[in-house]
Amino acid sequence: MHGGTLLADVVVLFGAALFVLLLSRRLRLPAVAGFLLTGALVGPSGLRLIAEVEEVEASAELGVVFLLFIVALELSLPRLRELGRFLLVGGSLQFGLTAGAGWLGATLMGLDPGPALVAGLALGMSSTAIALKVLADRGELRSSHGRVTLGILLFQDLAFVPLLLVVPLLMGAGADSSAGGGLRILGGLVGVAVAFLVGRVVTPALLKQIVESGIRELFVLLALFVCLGGALLTGSLGLSPALGAFLAGLLLADSEYHYHILTETGPFRDVFTSLFFISVGMLLDIRFALEHWAAVLGLAALAIVGKGFVVVVAAALLGLKGRARVLSAAALAQVGEFAFLLLGAGAVAGGGQGPFALLVPAAVLTMLLSPLLIHAVASGWDRVAAGAPAEPQVPAAPAARVMIGGYGVNGENLLRVLRSASVPTVVVEIDGRRAARAQGPHTRVVFGDVTRPDVQVLADVRQVSVVVLALSDPTASVSAVRAVRRLNPDVVIIARAARMAEIAQLTQAGADEVVAEEFETSIEIVARLLRRLHVPGNVVRAQERLLRADRYHMLRRAEGEVGLTDRLARALAAATTETVALSPASPAVGTTLAQLRLRALTGATVVSVVRSGTAEPNPPPEWVFAADDVLFLLGSHEQIQRALDLLEGASSA
Numbered sequence: 035m036h037g038g039t040l041l042a043d044v045v046v047l048f049g050a051a052l053f054v055l056l057l058s059r060r061l062r063l064p065a066v067a068g069f070l071l072t073g074a075l076v077g078p079s080g081l082r083l084i085a086e087v088e089e090v091e092a093s094a095e096l097g098v099v100f101l102l103f104i105v106a107l108e109l110s111l112p113r114l115r116e117l118g119r120f121l122l123v124g125g126s127l128q129f130g131l132t133a134g135a136g137w138l139g140a141t142l143m144g145l146d147p148g149p150a151l152v153a154g155l156a157l158g159m160s161s162t163a164i165a166l167k168v169l170a171d172r173g174e175l176r177s178s179h180g181r182v183t184l185g186i187l188l189f190q191d192l193a194f195v196p197l198l199l200v201v202p203l204l205m206g207a208g209a210d211s212s213a214g215g216g217l218r219i220l221g222g223l224v225g226v227a228v229a230f231l232v233g234r235v236v237t238p239a240l241l242k243q244i245v246e247s248g249i250r251e252l253f254v255l256l257a258l259f260v261c262l263g264g265a266l267l268t269g270s271l272g273l274s275p276a277l278g279a280f281l282a283g284l285l286l287a288d289s290e291y292h293y294h295i296l297t298e299t300g301p302f303r304d305v306f307t308s309l310f311f312i313s314v315g316m317l318l319d320i321r322f323a324l325e326h327w328a329a330v331l332g333l334a335a336l337a338i339v340g341k342g343f344v345v346v347v348a349a350a351l352l353g354l355k356g357r358a359r360v361l362s363a364a365a366l367a368q369v370g371e372f373a374f375l376l377l378g379a380g381a382v383a384g385g386g387q388g389p390f391a392l393l394v395p396a397a398v399l400t401m402l403l404s405p406l407l408i409h410a411v412a413s414g415w416d417r418v419a420a421g422a423p424a425e426p427q428v429p430a431a432p433a434a435r436v437m438i439g440g441y442g443v444n445g446e447n448l449l450r451v452l453r454s455a456s457v458p459t460v461v462v463e464i465d466g467r468r469a470a471r472a473q474g475p476h477t478r479v480v481f482g483d484v485t486r487p488d489v490q491v492l493a494d495v496r497q498v499s500v501v502v503l504a505l506s507d508p509t510a511s512v513s514a515v516r517a518v519r520r521l522n523p524d525v526v527i528i529a530r531a532a533r534m535a536e537i538a539q540l541t542q543a544g545a546d547e548v549v550a551e552e553f554e555t556s557i558e559i560v561a562r563l564l565r566r567l568h569v570p571g572n573v574v575r576a577q578e579r580l581l582r583a584d585r586y587h588m589l590r591r592a593e594g595e596v597g598l599t600d601r602l603a604r605a606l607a608a609a610t611t612e613t614v615a616l617s618p619a620s621p622a623v624g625t626t627l628a629q630l631r632l633r634a635l636t637g638a639t640v641v642s643v644v645r646s647g648t649a650e651p652n653p654p655p656e657w658v659f660a661a662d663d664v665l666f667l668l669g670s671h672e673q674i675q676r677a678l679d680l681l682e683g684a685s686s687a
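Quick note on this note's numbering: the sequence shown kicks off at 35 and runs consecutively.
What you were told as hints is all true, and nothing was included just to trick you.
With a Cα cut of at most 20 Å, we get these calculated SDA-like pairs of lysine to any residue:
{"hint": "1", "residue 1": "LYS242", "residue 2": "GLY474"}
{"hint": "2", "residue 1": "LYS355", "residue 2": "ALA410"}
{"hint": "3", "residue 1": "LYS242", "residue 2": "ALA287"}
By construction, these hints were calculated from the structure, which means they are not laboratory data.
Using the sequences and the hints, build the whole thing.
Here it is in structure tokens:
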């Protein structure tokens, strides 16, 4: 019965979430806000549809674990170095000033110093999920305000882990003495050192073995084992399980395969983080919020204005201009998801959420208003500025211009050409050994399945101008084309097809160009044959275009079309031209044009000769040919062939 009750609760939660999320989508609210509303709707202060609240909250702890694991996975050292002063200077300024102002305000409202500081720390947190999602949708992640926002958010994410250890001490939890709390923090530092050592020594060797095995499922198992194992280890030592998950993510963050781990663990992360946000929504006491609506609105307004002002100051000190300052402030003005974790830890350590009763609904309100605020501030500033130019895009690194999906023979040959032209390229490959071979200059390699939209997003498919899909699996090719077209409607997609039947499928899926291998082989054979028959080059090229036109329409018909084909037949029968470079062994070297008697013997005529870069049209009979002279001949196909035999020494007069 107990298991059946929990199962029923989960069904109710996800059923309600489906309804609320669809409604939120129509209202253009973020998914996080929808989950929070779901929790408030079905929770103890709402419709009371959940019987086992404690069991749901226990499951939601896994959401916290996966959330911290994913955050750590994205905190690789190159990324931290890239953001530099935005993270260190901007993050410390924003978080320190906001937490200090929040502590002062909470103290003036009557809270004790410890809970007041917890409230201030919670106010310092902004929503990574909301801010980055809105900026990504607006295409502003690489702008000045986008980079500042990202740097400050990463600082908050890094600060969150040690804050989880400090909150129980601030709340005066009786189970821990100050010395005991200090030992816990020291243990956390030791854990970080051990994790760094293990990550540098053990993890690469283990990942290499998994890649060489070729078993994709091993990546999922490894990620789950490391994530949950780290959480279990720190939990058994009396530390936060979230700390263990964070350390586990750091183990894999610098691996070249962390993109693949991110995507493969995505379904687990999405399910459990959804439960986490729903459980946070259950903390919202709707009746209390309605009874104190004025205080809730006032606190939400103070939080938005106060946090926004602090970000404007920090952005100004970082050298940003007016528009970038204001947009950074709008993106970071809400109270984020980690704030609920800090408040929850404070409530547990303090024996209840009484001190934070007003802050929870106010924080939820700021999250609901955040997307609307960002859009309103951006459009309002632009109207006031009367068309002033937007902030310049400041890319962290040169954006890739081409994305190659699949690094087989075709992908390897294509990348070699792009590298020689110094074209920035991103390669997406699921085979670890092939992905390792793709590493090199002007190339970023993403280890993952190119058919998955989340992998394409990690590969910056929205930024590239051309996508080449060199996959051998036709079903995978169609799936990849559809995903690319949804994510980047304007990109040029060139896809490989092994057979004729795949052309229509890839075209309907959204491919701009389809290269059919069986047809391209035929066209190449035709082109080489025509050149051997000395058909003029422009006629050969036109014939190639005709054969490729309308997705190989002519080759797919039972009968060929007229037009250029008739022209080709006439060209074969008519006079044509040929260019010949005389080798030192040629019988023509050292003879004059009159002595060679080329026209009398073959019927072909020398119309021009080039020597040392100087052309001699209609050379005189006394012209003496030398090695490396270039002769331009005119005649029919048969005449040209006899002339070539004579000039190359295959026959003699």
